[in-house]
Amino acid sequence: MQLVLFWIFSLLMLLSAMGVVFFRNPVSSAMSLVLSFIALAAVFVTLDAFFIAVVQVLVYAGAVMVLFLFIIMLLDLREEKRRRVRLSAWLGGGLVVGGFISALLKVVLSLPALFVEKPALSHPLANDIEQVGYNLFRNFNLPFQVIGVLLLVATVGVVLLSKKELK
Amino acid sequence: MSTQIAPWIILFTPLAAAALILLLGRFSKSLSAALALAAAFTGCALSWWLFKQPDAAQQLSFNWLSFGPDFTVSISCTIDKLSKVMLLVVTSISALVFTYSLGYMRDEEGYSRFFGGLSLFLFSMLGIVLASNFVMMFMFWELVGVSSYILIGHYYSKDSAADAGKQAFIVNRIGDFGFMLGILLFWFATGTVVFQEIVDQVPNLTIAPIFLTVACVLVFMGTVGKSAQMPLHVWLPNSMEGPTPVSSLLHAATMVAAGVYMLARIFPILEVVPDAREIIAWVGGITCFAAALMATQQSDIKRILAYSTISQLGYMVLGIAVAPTSDVAMFHLFTHACFKCLLFLSAGSVMIAMHHEVEMWHMGGLRKKLPFTMLCFFLGMLALSGCPFTSGYYSKDLIIEWAVVKIPFLGWMVAGAAGLTAFYIFREFFVIFFGKARSDHAEHAKEQPAVMIVPMLVLGVFAISSGWPSIQKNFFTLEYPEHVPHSLHTFLYAMFFGGVGLAALLYFKAAKDPISIPLFANRLYIDDVYFWFVNKIQGGGAAVLSWADRWIVDMLVVQVPSKLTWAGGFALRFLQFGNIQAYAFMFGAGVVGLLYILLSK
Amino acid sequence: MISPIVLEVCVVCLGIFLLMAESFSVKSNKVVLAHGAIFGLLSVFVMSFFIEANPAQMQSSGFYVVDGLSLFFKRFALLSTIITLILAVDYLPIVQRLVPSAKPGAGTGEFFVLPVFTCAGLMWMASAADFIVIFCALELVTISLYVQVAYMRRSLASLEAGTKFLILGALSTGFFVYGITWIFGMTGQTGLAEIQRNLTINTEANQMAILFGLGMVLVALGFKIAAAPFQFWVPDVYQGAPTPITAYLAVASKAAGFLILIRVLEPFFTVVAFQPKLILVLALLSGLTLIYGNLAAIPQTNFKRLLGYSSIAHAGYLLAGLAAIGDAFAGRAVVFYLCGYFLMTFLAFLVLIPVTKATGGDDIAHFNGLGRRSPTLALAMLIAAASLAGVPFTVGFFGKFFIFESIINQHFYGLALIGIVTVASGFYYYFKVIRAMYWMPPAEDAAPVTISRLSKSAMLICAILIVVLGCYPQLLMRILP
Amino acid sequence: MPTLAHYLIVSGLLFALGMAGVLLRRNLLIIFMGLELMLNAANLSLVAFSRFNLGPDGMPNYNAQVFVFFIITVAAAEVAVGLAIIVALYRAKQTTHVEDLNTLKF
Amino acid sequence: MSSLSPLLFLILVPIFSALLILIGANPRSTSILGSAVNLLFLLALVVFYRPMEVGYQFVSSFPVVPHLGISFTLGADGLSLVMLFLSTVVTLAAVCVAKSPDNNPRWYYASLLLISSGVIGAFASVDVFFFYMFHELALIPTFLLIGIWGSGDRQAAAWKATVYLATGSFILLLGIIGLYLIQPVETRSFDLREMIVNAQSGLIPDAPGVYLLLLLGFGILVSLFPFHTWAPQAYACAPAPASMLHAGVLKKFGLYGLIRIVAPILPDSVQRFVPLLLVLLIGNILYVGYVTIAQRKLDWMLGYSSVMHMGYIFLGFAALNQLSMTGASLMLLSHGLTIAVLFALCGEIRERTGTLDFSELGGIARICPKLGLSFGFAAMASVGLPGFVGFAGELLVFFGAFGSGEPKIGIIDGKEVFGLNLYQIATTCAVWGIVISAIYMLRAYRRIFMGPLPERWSRLPDLSGFSRAAIILVIAVMLVLGFFPQILVNLATPALLVP
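Protein sequence lines correspond, in order, to chains A, F, R, W and L.
First residue of the first sequence? That's -12 in the numbering used here, and the numbers climb one at a time after it.
First residue of the second sequence? That's 31 in the numbering used here, and the numbers climb one at a time after it.
First residue of the third sequence? That's 73 in the numbering used here, and the numbers climb one at a time after it.
First residue of the fourth sequence? That's 10 in the numbering used here, and the numbers climb one at a time after it.
First residue of the fifth sequence? That's 3 in the numbering used here, and the numbers climb one at a time after it.
Just so you know, these hints were derived from the structure itself, not from any lab.
Please note: incorrect hints may appear among the correct ones.
[What the hints assert, rightly or not] Only pairs whose alpha carbons sit at most 20 angstroms apart, straight line, appear in this in silico EDC-like list of lysine to aspartate or glutamate: (1) Lys93/A / Glu276/R; (2) Lys99/R / Glu152/A; (3) Lys188/F / Glu457/L; (4) Lys372/L / Glu139/F; (5) Lys542/F / Asp584/F; (6) Lys188/F / Glu353/L; (7) Lys631/F / Glu276/R; (8) Lys503/F / Asp110/F.
The whole structure should be built from the sequences, with the hints applied where relevant.
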């Protein structure tokens, strides 16, 4: 059952990711990106990471995608015109991507430990929100604050960069 | 005054004079002349005094360069029979020529410079004479070269004089190249450069005859250059561009004889190297004959004398090579110094009278205008041509005798050269002093003042008498060959009279040269070959190398690497063509490459 | 004793205070903000000397380390931010022109405030001992730099630079994260100290996976320090960015990259199996970087861009030093080099800005005749160029010397040979500036060059330090961690 | 049951797809989407690692999930800033094509 | 040990003079005064020097990089004093001869003084590292001097010389690092004295790679064939004082380094590459000699001639014995003085006529007798005439080199052998060099000073003022030392450590 779910969502995620790459219309790409994010959230669920799955949907599928779509609409982007097909770019890109995948496969396939079935959790209803929150606010206090500053800077930056005229 | 100090005074007074002239010469002309003369006469007087003294056992010396036993060059004076005689010759002739110069140079520019140069020359020449070791001799050898350069180039504004000086120096340097190598070889074999110490080691050296031969021949190269032997003789005729006293003193009497003197110095070594002596003999003999041939067709009064000098030097070199003692050659050196100097001074006197005209076909009939000069020339000529009972007769014939005994072919050849000598010198004599005056100058020529005539007369006396056995035995210990063919003396007389007669016949009243032999007139084309070689081969080769330096060496070592680097930079720049995706691609390629390196075993 | 984290807190507070001051102030002249920032940072700098380096004691449960190195880099970051702010004050007229603003001076205050936050990020990076903290601090720095690079929105160059930096920076972030993931996956840890502990008990198969992750982390850090082939953003971004930010990127960001590189590599170097491979990779990267940076700089005519290539070139030397880390002194050599690099690069930028203001451009040709127009500036530039090229009696020479001593000691003869070509090229392109200043006649319409007192004193300090450290490097070596 | 290798390979493929997006697409926005995919791939790996390598208490390693949380946050901030830059660029240049960004070169 | 070395004063005087000039002092008088003070101070040091004692005197040491054993150690022995003397004399001559240029005279004089300070520092350093550093001090001033105040194709020349020399220096630096690293770890030092102690106790292995780096580095700096092409061009284009300092003093650095550092520390490696070195130095003497003959302009000719003369000094080094190395040291001095005077005079001629082309000049001795006389002296010194110090040097080099190596002459194994070993062949070629140098020097003299005087040069001023004084000074030094070379030998020889 888990395997089936895994395959369904994984394939959905990968296919929609391919959509992102291969659709020529930016809006279509953005929509498949949403799909991909949601599928990924589902995959997270198969990994018992409910909190992360929720955050994934909220932040990515919710906020980030809205931002993307907004911008696409704002900029009034059309379908990419058929410019000259750059065979060399596709070939080169393909080679790089292929090379990366083969390196990854080499690593994964050489590790028998990775093919062990998923062990059961000692506490099947583990409260991951509690665990994550606990870690975040206690152990990971420092990065958390750094992230806070980061967000502040990002906010200021976005305002600076996108306001038509600064006052 | 001790015999240890005297040579030092003789040696360094001229240097002091030269230095003072350099510093003060521009203030007063006469001061310069006075300084030079003072130095020469001091030297002359002291030399005569020294000649009378017995040899001192120990001479003063100071180490000029010292590295302990390995290598020490000292400046020290050798006082022996050889050097004493040579001192006499050099200082006496210098004193006379210096005096003569007072008159000769009176109206010339560069008066102080001239006397400065003469003093420097005297210093250098005396250094050669007194040298006790090869390096010291080499040093002064070089210095006479430079003073010769200065004096030949006295009229440096004239292209020919400037070129002649340069040529003399460079040709001498070629000889010095061999000389230096010879010195190095001797030092390498014996560990010393001192003549006496090398001589002491001669028995050890004879076990390697080829080595010794090579070393001697190399050292002889120095003589070839300095004493203008074939094939390095070309500079001497050209050096006649210098003022006549210079030609007389340096290029006839003393400096050119330094080569012979040097051979005499190392005579004990040469004695045991028959192969080297053979080579030396041939060089001397050929030079003697060929130069005499060339002299027969020259028309420049000084050049004839110059070729004559070369020819006579050939006799001396031959003398060193064939005679059992060096005194045979030194004897000729001694007499030659007197009569050749005299001849040059006479020629100078003619030139002054002729306003520096040297072309003898523009002269003629000077016997009435210049009686004293003619007389002096005549005396010198007799001695040169080997007229019986003059000095040349004694000294030259002795060498010819030895040559005939040792190497008959050469001997007879140089005996023939004696005839040529009589011919060319009488030719010159007749053309200058007889016949009609062939130019305005010749018609209005005037005799010279006493300051010039007196030294000439003094030399005239010597020219005739210095060979007389009663006189020469004070200076030399001569050995005479046995078994000389009787025909030789007859032949020599025949040669002398034949030469004189032929000259009289052809030239007594000739207005132009009745015979023309271009081969001799053009000095056997040797000068032309050299000219061609220097200009085309050396000059061309140098130009090619210069081109190669710029376009090949520089290219390979500098330009190509730098251009390659530049091109590399230029090419790399094109990776940076502004496109983010290209950058991302190269980034990705870098990632993949890096991963592969890390993951490979 | 002050708790070390107070330093960052102070800097962040300073930033927030300045932001508020900016938004509430009515004055159009925002220079006072810069002065405030400089003063504030200087105070923090002074404060940093009251903190004791204590490597053993880990703050905040192992995320935050206060050893000599981190303190040193905190100061490094503070000082570079201060000089960047000085540069920014000088550069203000140009920023004002190129920022779309409704009224004069609007939008310039943030130009002084953002570096303060970046500085906080850099300081956190200096102390980071855990991949998560490294990541967060690094992103704080990077994202704030995105904004700063693209700051001059009316300048297409600035925007283009910002975009390139953004895309490639994000790409490298992606690799960084993915690499960390793998390291975490194999060791179960994100803390460097724990990773080191776990590494030793790993199987061979695991090691390959760790190398896979580490490779990607290296890539991301290579991007930060501008190592070839991850350096392509550098010339473009350096040329387009506002000049003070270029300087900041060139010095602070690169130094932080190196610091992280040192920190990250440290645990992995302890594993015998990794060492040769890592050294090989570092040496290869170094060789490529050296060749690319130096050779491609040769034909440059734009000075800012030239400094971009130069920063790549120097990264090459630094990497060579890291590759020779087996040498006892290589670490110090690298840090020394960074300090020298700090001085000479900032000095070059300090001269560049007034020249740009006076001549309206930043090509090498704009330096023509500077020797006569402004001898002091020219002298400063001469010192900077000489030091960058590695002329003796400048700190740059000693930097190169220490590095090469280490690499020869570690038998990297290939790198030394590459060094011959690169040093020669270096002389060529740095001396082009000297040539322009002294050989060339000044342009006729050139405006007089003016320098503010602040930057003049900064220049003076840099120049003197370059020469003094060039004569007596021990002065700095002694206080190096 | 899917094993860790499944997840890792899927995540790797996702990462590669993101990379392909960056390398092949010419629209800045889509390139940016590709970058987001790459970050997501990392997240997936992290979560997978955290789920499979259980801690001593038999629970997932929640540190990884915290890290994912951070990554998501950072990604959001990055998207915001990035999009702002792209908007500014578009305003100035009327393009979001990478090929039009070529004034800075060589 | 810790007291301040008086040599520091020598280094600092030019630097302070340069600073004063940059601040605003009169450039010409300040630099002449500074250089004169330096020369006098050096002479005082020579007086206080105790020639009987072995080793360095006036030593002071100050650790600079303790972990690498680098310390700023100053000290002088006889050989360094000779070189310091050369440096100070040539500096004085150079600043005297210098003519204030129209543009930026301050930098002009300051650059000259900086070069001077660099060479003084190099020769006064006992520490190999500082020896190197000080030499490099000249790099930028040279670049400026040629580039700003040069003549002809000055830009190309300045670039070439600077980048090429910088490259050479860097190679040299690698070599020096190598030299440091081949010492055993515990006793590693850059201090020459300690290096030599290490070498003498057999702790330094044969290191051909290091030697080749050093040879290449020093060789480029000294213009060893075929790395010489920068030199003639740079000297031809540089202003006269710069050529004087560079060709006269700075270039001696490399040979000094070879004799001083390489010979005692890596004798085996030197031996190993002797054939190579001999071939190259014969290239210097014969090949470059003939190239010199082909030159048509005085400045280029002098440039090439200075390259050619390096060959003799290399020969002295290659032979590695006391005679030859002493000869090489003497030649360092003599060539430095000679070429300095020649370049000074070359500058004077250029200043007067604006051309150095032989075909355009002639007969100048008539109108400028002092110029002609000085040039004559210098030319004669250059061709190695006895009476000048160069002769002694050449002589020693020839003798030393000829006596080096395995003999192949005489009776060997009962058979008569007559063959020359490599050294002797090289020496033979080198001796031919005396003919070559006579050819080009006399030709130059002939073309410029002799022959008829063209109308256009009939109003040239003669040498005068400081230039004349400086030239007379240098010539006087050459003559005095030429008459008494033993002074130099006594100073230099104990400093030469012959393996």
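Against the structure, the hints come out as follows:
1. Lys93/A / Glu276/R: holds, 14 angstroms
2. Lys99/R / Glu152/A: holds, 18 angstroms
3. Lys188/F / Glu457/L: This hinted pair holds, its Cα atoms lying about 15 angstroms apart.
4. Lys372/L / Glu139/F: Holds, because 16 angstroms separates the two Cα atoms, which is no more than 20 angstroms.
5. Lys542/F / Asp584/F: violated, 59 angstroms
6. Lys188/F / Glu353/L: violated, 26 angstroms
7. Lys631/F / Glu276/R: It holds: about 11 angstroms lies between the C-alpha atoms, which stays within 20 angstroms.
8. Lys503/F / Asp110/F: Between Lys503/F and Asp110/F the Cα gap is close to 16 angstroms, so the pair holds against 20 angstroms.
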